[in-house]
Amino acid sequence: MNRFYAFITSFLFGIFCFAVIAGAVPPAPWEIDELVGQTAPGFTLKTLDGRDVSPADFRGKILFINFWASWCPPCRQEIPDLNELYEKYKGRGLVIIGVSTDNSESDIIKFVKKYKIKFLIVHDKDNKVMREYKVYSLPISFLIDKHGKVVQKYLGARDWAGRDFLDKIEKLMQDY
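Under our numbering, the residue at position 161 of the sequence shown is numbered 161, and the numbers go up by one with no gaps.
Bear in mind the hints are in silico, worked out from the structure with no lab data behind them.
It is possible that part of the hints are untrue.
Below, simulated DSS-like cross-link-like pairs (lysine-lysine); rule was C-alpha separation at most 27 Å, straight line [to be verified]: (1) 149 with 128; (2) 168 with 61; (3) 128 with 171.
Pair ranges (Cβ atoms, derived) [unchecked claim]: (4) 46 with 159: 27 to 33 Å; (5) 52 with 113: 18 to 24 Å; (6) 77 with 170: 21 to 27 Å; (7) 37 with 131: 28 to 34 Å; (8) 164 with 52: 30 to 36 Å; (9) 137 with 37: 18 to 24 Å.
Quick reminder that beta carbons are idealized off the backbone N, C-alpha and C, glycines included.
Can you build the whole structure from these sequences, using the hints too?
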């Protein structure tokens, strides 16, 4: 009987220790929405034709910043929706900036041509902007209001033509 109680006590103690340790582990970086509600980090990156682009250039507009790479299948999957989103809202105050994290600019150029990307593309050569935005996987997108505050962080490919997302854009447009 004593062995049984010793076993139960040890077992319960083990479960308790596991629960304490598991509760002490911080959430994965991509689960943290620490930028939401804060001013979006500023940056200046080059477009494929060599122009400098910064979110500050679009002050007063709604920004949608999408981090992607040409080798990323989910990134390729969402391009048609992003092109459609661009066409629908380009004259209404929404700016889409695609931030490529590819190493090679020639890979980016091929990708842009192949997928007929219509929105603005910039190259984050050294992944500095990616780190500032705490991007640990691709694709990740940020919706930023006209005041420069991060409204939402989106992990993974999404249906950017879906009603929920478009409703969010429309709501931000009302404030525009």
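Verification of the supplied hints:
no.: 1; hint: 149 with 128; in the structure: holds, 20 Å
no.: 2; hint: 168 with 61; in the structure: holds, 15 Å
no.: 3; hint: 128 with 171; in the structure: violated, 31 Å
no.: 4; hint: 46 with 159: 27 to 33 Å; in the structure: holds, 30 Å
no.: 5; hint: 52 with 113: 18 to 24 Å; in the structure: holds, 22 Å
no.: 6; hint: 77 with 170: 21 to 27 Å; in the structure: holds, 24 Å
no.: 7; hint: 37 with 131: 28 to 34 Å; in the structure: violated, 20 Å
no.: 8; hint: 164 with 52: 30 to 36 Å; in the structure: holds, 34 Å
no.: 9; hint: 137 with 37: 18 to 24 Å; in the structure: holds, 22 Å
Hints 3, 7, counting from the list given before, are not met by this structure.
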